[in-house]
Amino acid sequence: MVTISREDVEYVAALARLELTEQETQEYTEQLNSILGYAAMLERLDTDGVLPTAHAVPLHNVLREDQVGLSIPQEKALQNAPDADEGFFRVPKISLT
Amino acid sequence: MGIEKSVSELHELLVHKDISSSELTKAYIKRIQTVDPGLKAYLTVLEDQALAQATEVDRKIAQGEVLGALEGIPMALKDNMCTEGVRTSCASKMLENFIPPYNATVTDRLRVAGTILLGKVNMDEFAMGSSTENSYFAKTRNPWDLECVPGGSSGGSAVAVAADEAAFALGSDTGGSIRQPAAFCGVVGMKPTYGAVSRYGLIAFASSLDQIGPLTKTVRDNALVMNAIAGYDAMDSTSVSYERPDYTKFLVNDITGLRIGIPREYFGEGIDLDVARGIQAGIQTLIDLGAEVSECSLPHTEYAIPAYYLIATAEASSNLARYDGVRYGFRAEAEDVLGMFKKTRAAGFGQEVKRRIMLGTYALSSGYYDAYYLKAQKVRTLIKQDFDKAFERFDVLLSPTAPTAAFKFGEKSANPLAMYLSDITTVPINLAGIPAISIPAGFVNGLPIGMQLMGKPLDEGTLYRVAYTFEQNTNYHTLKPIFSGEVLACGSR
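Going line by line, the protein sequences match chains H and A.
Numbered as in my numbering, the first sequence ends at 1475 without a single skipped number.
Numbered as in my numbering, the second sequence ends at 483 without a single skipped number.
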């Protein structure tokens, strides 16, 4: 059974773009171990040769003509933005390091 | 005045001009003002808009126009369905001020059907939970016992219907979120076949499992609402293209010869004995009414919880990546953009949502994808095959909707795994994509319990037939919680 370390939790939090408090890091380490420990029961099942199911109903590609249709006007698309300016979403500086 | 009646009864009153839609809407608004300070089903009440819509319907009635089955009927929507110009919060701080620029397909269809939108109702944040305790805004109380949870995640929808704060409501069901609160609150709740009702404008939790459906007082009402919302929608790429039947055609009081299977795994460990006994009594009723009942097995049931929680959280971690403080929703200030993302998500999401994002991100991360996510998808195949096999022998499968009746506030919220395990009777259905309905089937210690009927893909009709027959031969659905005094006291506290 996989054990999840504190470092694993910090790594996953970084992937998920979540800043965790010290208390959350401890709690999630414990809880993820408990939940994934329970999920380890799946290992008991032999699934060799079983195809994975992504969707329970058969799905087909949906195609349509590439035509200009109605869309949400710019001011409506921006109305919920925390910070918008001249038709753009504004964000803090993007650091490359 | 009239608010305790079913949709079909209210329709008759409207048609015969015994009541106007405006009067009815005012009566519901008054009811909400009276009991909701204690019950807290609603997050937003749309008094002016609702009355304007009702006036519109009354004008049509005055002109002698033919009235549709849902026309003039006041209802509520779960707060994860987009309503243009009306806040849609998902019960999250992240979307506390989010005003959708468009309507969900179900919102549009119910508008076209002439319903009156009373407001938006409470839920677990982003529909993640089984008790509605995870709402950022309020804890909704169960009208049958104010110390108990209403179930979740569609707790607000179930309470609004059970407490006569709406004639019907829509909920969404990813792992039981319509059926379990319906059972806990003593109302009818349908989780349709995956793809039968459009998800366009439903704020996504786990896209391969989410499905919208009605919570109603009666089985007939449920079929009427399904008639209005189900059917193909080009705006949802997973919408199933099929000929939507008139579901009311299935409402016959006859189940002679119908084959009902009882999966023994749904009556085993973890199922409260009194709940199991109550459902056994319901099975006997169906046998007496002419159904052919025998036991069967869905052998992979015990694997459904881990498979479900890996798949649902993986999909959620991907779906919720969009909440980054850039285009809509909450934003926390920071020096640079990466810091802004992290602080926004840290402050905007509640504990359960973050826990699931963590679990899902882990399950999808490099090195663990095969062991967790892919493995869970393979187990999903086995669970689906269990159902396919059972439906070769049976028309319908039957179980308790939930392992227990409503539990107390705080009873499970400290232990996430215990809360997850309470979903054992509902999550396999979402993994298989089949329809299932919960109907009132008795009481345990004064709290309602639900009987779950599961059907073949797109065979909601047969579920309605069995549910209707059971309802016509029992009186559980006519019993009402008595709570006004206590709720009024809560409200003034």
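I should point out that these hints are in silico values taken from the structure, not numbers from a laboratory.
Wrong hints could be hidden among the right ones.
List of simulated lysine-lysine pairs, BS3-like, C-alpha gap at most 25 Å [claimed, not checked]:
1. A/K402 - A/K20
2. A/K50 - A/K83
3. H/K1454 - A/K83
4. A/K446 - A/K374
5. A/K379 - A/K129
6. A/K20 - H/K1471
Going through the hints against the structure:
A threshold of 25 Å between alpha carbons decides the hint, and for A/K402 with A/K20 the separation of about 34 Å lies outside it, so the pair is violated. Proposed proximity of A/K50 and A/K83 is contradicted: the alpha carbons are some 40 Å apart, above 25 Å. Restraint check for H/K1454 and A/K83: the C-alpha separation of about 21 Å stays at or below 25 Å, so the hint holds. Distance hint between A/K446 and A/K374 is fulfilled; the C-alpha atoms sit about 11 Å from each other, no more than 25 Å.
Our distance criterion of 25 Å between C-alpha atoms is broken by A/K379 and A/K129, whose separation comes to about 41 Å. At roughly 51 Å between alpha-carbon atoms, A/K20 and H/K1471 are farther apart than 25 Å, so this suggested pair is violated.
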